[in-house]
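Kindly generate the complete structure, drawing on both the sequences and the hints.
Respectively, the protein sequence lines represent chains A and B.
Just so we're aligned, residue -9 is where the first sequence starts under my numbering, counting upward by one.
Just so we're aligned, residue 172 is where the second sequence starts under my numbering, counting upward by one.
Be aware that one or more of the hints could be misleading.
Stated by the list, open to error - In silico DSS-like cross-links for lysine-lysine, where the CA-CA straight-line distance does not exceed 25 Å:
1) B/K179 / A/K59
2) B/K179 / B/K383
3) B/K383 / B/K312
4) B/K309 / B/K383
5) B/K312 / A/K70
6) B/K312 / B/K240
7) A/K70 / A/K59
8) B/K240 / A/K59
9) B/K240 / B/K309
10) B/K383 / B/K240
11) A/K70 / B/K309
12) B/K383 / A/K59
Hints are computed from structural coordinates only; laboratory data are not their basis.
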Amino acid sequence: MIQEQQQAYVDTLAQSFGENWQGAGSMEGSSAFVQMMSSNELLPVVLGVSLIIWFVLLFFLVRVDLRIKALENELDESEKDTLTKDSSETAEP
Amino acid sequence: MRGLSPWKYLLAVWMTLVITVGFLIRIPHIPVLEETSRNLFLHVPMWFTMTVAFSMAFWYSIRYLQEEKLSWDRKAETATQVGLLFGVCGLLTGALWARFTWGTWWTFAEPRMNLSALAMLIFVAYFVLRSAFNDRVKRAKISAVFNIFGITTIPFLLYIIPRQLPSLHPGADGNPAFSDLTAPELRIIFYPAVIGFIGLALWIMNVVERYKTVSDRLEDRRNYPFA
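In structure tokens, the structure reads:
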């Protein structure tokens, strides 16, 4: 009985996966984007994956760059403040 | 000034185009390589970029020994780091490509593969050496000398010796790199990809070097608050 149930569970899963795969094969009624991505033996999918990785890395690099720029500006400002403070102190009689 | 330098925006667009066109361009059927010949746009620029980065490190190390300014040491260390980063990427991508074209991840019968791994180990040693010193000036001086020695081995390990030996790798045994295994059409993307990756390396170097400068300035402030 238990064996039968397990068998039924596995069969359902396999079947549902099977239908999914069948669905991926037929292009009728699917959007232009899906049709384009499914062309050339799915090569555009690899392109999509590569572009996602590239954009994520680029986003990270830009963010780090801007954060360092903010730190540089902050340091420059505080050094300028210290210098002006020093010079005003020395200028006093 | 706010925002990024203009060349960085240009590079972001350039690389995006290189990746996109690299996948979409029609390439001729090449036996054994099949679609993996597109790896030429990715794997080979890793080595070109590494060479440029190490050449920069070589120059910065010489400049340090001439002037003994710590900023040259910072630049040399950064260029070596980025060179090693791209070299490791070259090794990993090469191993994956080899698995599906030569049938193995790694073979000790392949001189270029093994000698490039050896070259990377020389630069791993550079960072181990750096970590052995607490004194900034001593570290900079000895690292510069080591780096100049290390980088002079690169042309021999990566170009001269592998070209003289029989090998599966294109560009060996006296053959040009663009041999019968590759196709001329691939050059249309290959050269822009080389430029793009070198640009990307320069961007990474720029960020890392600025980070180190800020970090050193803060350390100086902590150590000499009244200077």
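Hint check:
Note on B/K179 and A/K59: the hinted pairing holds, with a Cα-Cα distance of about 14 Å set against a maximum of 25 Å. Between B/K179 and B/K383 the alpha-carbon distance is near 20 Å, which keeps this suggested pair within the 25 Å criterion. With a C-alpha separation of about 18 Å, the suggested pair B/K383 and B/K312 falls inside the 25 Å cut-off, and the hint holds. A C-alpha spacing of about 18 Å is found between B/K309 and B/K383, which places the hinted pair at or below 25 Å, so the restraint holds.
With a CA separation close to 32 Å, the supplied pair B/K312 and A/K70 exceeds the 25 Å bound. Among the hinted pairs, B/K312 with B/K240 is consistent with the structure: their alpha-carbon atoms are about 10 Å apart, no more than 25 Å. Among the hinted pairs, A/K70 with A/K59 is consistent with the structure: their alpha-carbon atoms are about 16 Å apart, no more than 25 Å. Only pairs whose Cα atoms come within 25 Å are accepted, and B/K240 paired with A/K59 is accepted, the gap being roughly 23 Å.
Only pairs whose Cα atoms come within 25 Å are accepted, and B/K240 paired with B/K309 is accepted, the gap being roughly 12 Å. At most 25 Å may separate the alpha-carbon atoms for a hinted pair to count; B/K383 and B/K240 meet this at roughly 14 Å. For the suggested pair A/K70 and B/K309, the alpha carbons sit about 31 Å apart, so the restraint of at most 25 Å is broken. Note on B/K383 and A/K59: the hinted pairing holds, with a Cα-Cα distance of about 12 Å set against a maximum of 25 Å.
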